[in-house]
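With mature numbering (1 follows the signal peptide of the UniProt record, and there is no 0) applied, the sequence shown covers -20 to -1, 1 to 108.
Any given hint could turn out to be false.
Unchecked claim - In silico DSSO-like cross-links for lysine-lysine, where the CA-CA straight-line distance does not exceed 30 Å: (1) LYS11 <-> LYS25; (2) LYS3 <-> LYS85; (3) LYS25 <-> LYS83; (4) LYS83 <-> LYS3; (5) LYS85 <-> LYS11; (6) LYS83 <-> LYS11; (7) LYS25 <-> LYS85; (8) LYS3 <-> LYS25.
Since the hints were derived computationally from the structure, they do not count as laboratory data.
This structure is a prediction, so every number in the text was calculated from the model and none was measured.
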Amino acid sequence: MASYSPLLLLVLCTLTVAEAQLKVFNMRASKLDSSFLGTPDAYVKVFCGSATLGETSVRHNTENPWWDEDFTYINARENDVMRLEVHDHDFGFDDLLGVCQRKIKRGTHEHECFLEEGGSLHYTYTLG
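Can you build the whole structure from these sequences, using the hints too?
Structure follows, in structure tokens:
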């Protein structure tokens, strides 16, 4: 029986750092700050740890955009840092309107964060 102890310990250690699937969805912003050039053309870039999950489509000329894209990452781990960057699409250079960062936890969570340049981003994520 003693020869199984190291194997059992290895299996238990593997389970504690198991990867899980992260899904980010239901993103919408409100009261985004409009520049002197008019209302923003906003989009969101999504990251988990060092992985880039993608970016939403651009919502033109609205201070209250919403996005119906979902982003999935199968190699997420609890306490990884998820980062959402809200940008204003412009000719030449896109302006960063704000960043939302959070350590992810198991389960489904809704959050709202306030952006540096004004307005807020609401989003939902599931880690399981």
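Evaluated hints:
no.: 1; hint: LYS11 <-> LYS25; in the structure: holds (19 Å)
no.: 2; hint: LYS3 <-> LYS85; in the structure: holds (12 Å)
no.: 3; hint: LYS25 <-> LYS83; in the structure: holds (17 Å)
no.: 4; hint: LYS83 <-> LYS3; in the structure: holds (14 Å)
no.: 5; hint: LYS85 <-> LYS11; in the structure: holds (28 Å)
no.: 6; hint: LYS83 <-> LYS11; in the structure: holds (25 Å)
no.: 7; hint: LYS25 <-> LYS85; in the structure: holds (20 Å)
no.: 8; hint: LYS3 <-> LYS25; in the structure: holds (14 Å)
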